[in-house]
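Take the given structure of chain A and dock chain B to it, following the hints.
Given next are the chains, with one letter for each unit.
2 protein chains.
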Amino acid sequence: MSNYPTIEQIRAASRKIEPLIHKTAVLTCKSIDQICQARLFFKCENFQKVGAFKARGAVNALFSLQEKELNQGVATHSSGNHAAAVAYAAGCRNTKAYVVMPDNASPIKIAAVREYGAEIIYCKPTQQAREAALGEVVERTGAVFIHPYNDYRVITGQATAALELLEQVSALDAIIAPVGGGGLLSGTALTVSALNPKIVVYGAEPAGADDAFRSMQAGQIIPIEKPDTIADGLRTSLGELTFPIIRKHVSAIITVTDDAIINAMRLVWERMKIIIEPSSAVALAVLLEERASIKGKSIGLIISGGNVNLDNLPWQR
Amino acid sequence: MSNYPTIEQIRAASRKIEPLIHKTAVLTCKSIDQICQARLFFKCENFQKVGAFKARGAVNALFSLQEKELNQGVATHSSGNHAAAVAYAAGCRNTKAYVVMPDNASPIKIAAVREYGAEIIYCKPTQQAREAALGEVVERTGAVFIHPYNDYRVITGQATAALELLEQVSALDAIIAPVGGGGLLSGTALTVSALNPKIVVYGAEPAGADDAFRSMQAGQIIPIEKPDTIADGLRTSLGELTFPIIRKHVSAIITVTDDAIINAMRLVWERMKIIIEPSSAVALAVLLEERASIKGKSIGLIISGGNVNLDNLPWQR
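Chains A and B, in that order, are what the protein sequence lines are. With the first sequence counted from 1, adding 13 to any position gets you this note's numbering. With the second sequence counted from 1, adding 13 to any position gets you this note's numbering.
Quick caveat, the hints were computed from the structure, so don't treat them as lab data. In this text, all values refer to a predicted model and were calculated from it rather than measured experimentally. A couple of the hints might just be wrong.
It does not matter which identical chain is meant; a pair holds if it fits inside one copy or across any two.
Claimed, not checked - Taking lysine-lysine pairs in the BS3-like style, the calculated list, with each CA pair at most 27 Å apart, reads:
{"hint": "1", "residue 1": "K36", "residue 2": "K310"}
{"hint": "2", "residue 1": "K261", "residue 2": "K43"}
{"hint": "3", "residue 1": "K239", "residue 2": "K109"}
{"hint": "4", "residue 1": "K36", "residue 2": "K137"}
{"hint": "5", "residue 1": "K122", "residue 2": "K137"}
For reference, chain A alone in the conformation it holds in the complex (with noise of 0.2 Å):
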C-alpha cells in the first residue's frame, strides 16, 4: 500500500487553492500543430500566479497547515519559482515567509521575492551553504520548511494543473511534462494515472541535467553532480517522494539538448506571442527533435513558467 497522494486528494487541493490561482488557459497553434504534424495543447502555467505553476504546491502546502503551525512561519530555498511561490502563498495565508537565496541569485527574481513580503537570507551559491542557510533559519525563527518538490503536500498541489488540462481537453493520447526534482512531473502522473490510465505520460529532460533519464534507467535515484543547462528550473535532482511515482507512472525521460530547448523557447515566443522560460520548452523540444512517435495524436504539454530575464535571452548569448 502506497501512502501516494490519491485524486480524491488532488480534487481537495484543487478546491482548496481555487481563490489564490489562477485556472490557467490551455492555448493551441496550428503552425506548431503542423510542424509536429500533430495536435498540441499548452496548458500555460506561464499565466499561473507568480508566473508558474509552484503557486498552485506552495499555497497548497501552506493552506494544508493549521494556523497554530503557521505562527513561526515559512521557510525555504530557492533561486526560482519556488521562492516566489512561497512568498506568495505566505502573504495569502499571512504568515511571515524567509527565503534563503544564493547571493548570485538574479536581481529580477529577488525583486518579486521581495515584493511579495518574504525576507531574504543571502548564502553562498552552493547547495551545502543553501542547506545550512536554511537550517540556521529554521533554528533561529522556528519557521515550517516547504520543500520545493520532496513533499507530498507540494505534489498534490502540482497535480492540479493536470486536473484541470483533463478537464480543459479530452481525448489526449500523451502529456507531457518537464522534469527536475519531480513535484510537478509525479503530481501530473498521479492525476493522469487515476483519471485516464490510457494516457501516457513523458517526462522531458535537459540532457545536460539527466538525472531522471539516468534515475529510471538504474532503477534508484542517480543525483546529477553539476548540472549544465539553460533550463534553470531543472537543475535539482529527483526527490525520495517524486522518483517512486515518476518510476511507477510514468513511461519514459526523454533528453534533449540546450539548443533544441533554446529552438522550441524561440518558436513559442515567435508564433505563439507567448513568453515561456526555458524551463517551459523541454516538452516542445522533445516534440520538435521527434524524440517520441506521436505524429496525429493529441499531446498535452505542462507549460511550467514564464519567469525570464528579459535583458539577456538565450539566442542572443
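For chain B alone, kept in the frame of chain A given last:
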C-alpha cells in the same frame, strides 16, 4: 448623410471573417490594475492570425470582392503587418498577392509574407518609391489594390475587434486603441458609438508621429513628415476616410513618448507573459503616464499585434 460603415455591416463582416480569424482572448492582470488603479481589459490581437488585427481588415476586404475581380490578384505596399495580412487573406481566397516592400524591411517580416505565398516586389524605402512600385505592379498585373486603412472594407473588418470586445466584457467606461493610419481606431469608434455611445473612445499615439493629435487640433489632416518612433505600426498618417470618423466619434488623441511606450511594453511582457509589439503598448503607456483620468474605471485596451524582432528588443538598444 454619411456613408460610414454601419453596425449591420460590421456584424456581417464579423460573421464573414469568422472562419478565418481568431476570436481573440481578453486578458486581465491584477498587478497592472493596481499600478493603474483601474480595471483593464486587454483585447489580445497579438494572438490574431498573422500576429495582428490587420488580418480582420484584409480578410474582410478580400471576401467582399467578387471572384471575377480577383482574377488578377490583389496588391498592396507595406513593410509590416498589413503585408502579411493581405498575403494570408489572398491565400484563403485562392488568389495571388503582390506585396511591395522596402528593401530595408526586416528579414523576419519578409519571410512571413513569403511564407503566406505572396510575391514580393522590392523598392527603395521611401513613400514615393513605394507608391510608384505599387502603381507599376497594378498596371502590369491588373491586381486590385488593398489599401492598409483608407478603405471602408478594411475599416469594417478592423471594427470587428471592438465588436468582440463589447460582447466579451460588459460595462466598459472607455476603450483606447492605438492610431497610425486610423483603420483600427475609426473601426473601433464606429462599433462603440453604435452599440454604446456612453463608452469614451481614445486614440493613443506616439509623440514622434503625432499627426492624428495635430489633425484633431487643426480640424484637417496634417500628415506627419518625418515620423520618429519605435512604434513601427504607427508611423503612417490618417487618411481621408479614417479622419472624419475619428473626428466625429473619438473623444481625444493622447500622445506618449517612446520611453513611456517601451516601459509599458516591457511591463506587459514581465507581468502578463505575452509578447506585444511597441505599437500595442501605446494605449497602456497613456494610462501609466496618467495622461487620461481613469482611476477606478473599466478600460478596454486593444492590443494591436505581437510581431517583434526578438534579436533586437527596444530596451536593449
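When no copy is named, should K261 and K43 be tagged within, between, both, or neither for a Cα gap of at most 27 Å? Neither way: K261 and K43 sit 34 Å apart in one copy and 40 Å across, limit 27 Å.
Homo-oligomer pair classification [K310, K36; C-alpha up to 27 Å]: both (25 Å within a copy, 25 Å between copies)
At most 27 Å between C-alpha atoms: does K122 with K137 qualify within a copy, between copies, both, or neither? So K122 and K137 pass the 27 Å test inside one copy only (16 Å; across, 46 Å).
Alpha-carbon proximity between K239 and K109, which holds within one copy, between copies, both or neither at 27 Å: neither (33 Å within a copy, 55 Å between copies)
Go through the copies and call it for K36 and K137: within, between, both or neither, with a Cα cutoff of 27 Å. For K36 and K137, neither the intra-copy (37 Å) nor the inter-copy (50 Å) Cα distance is at most 27 Å.
In this structure, the hints that do not hold are numbers 2, 3 and 4, in rising order.
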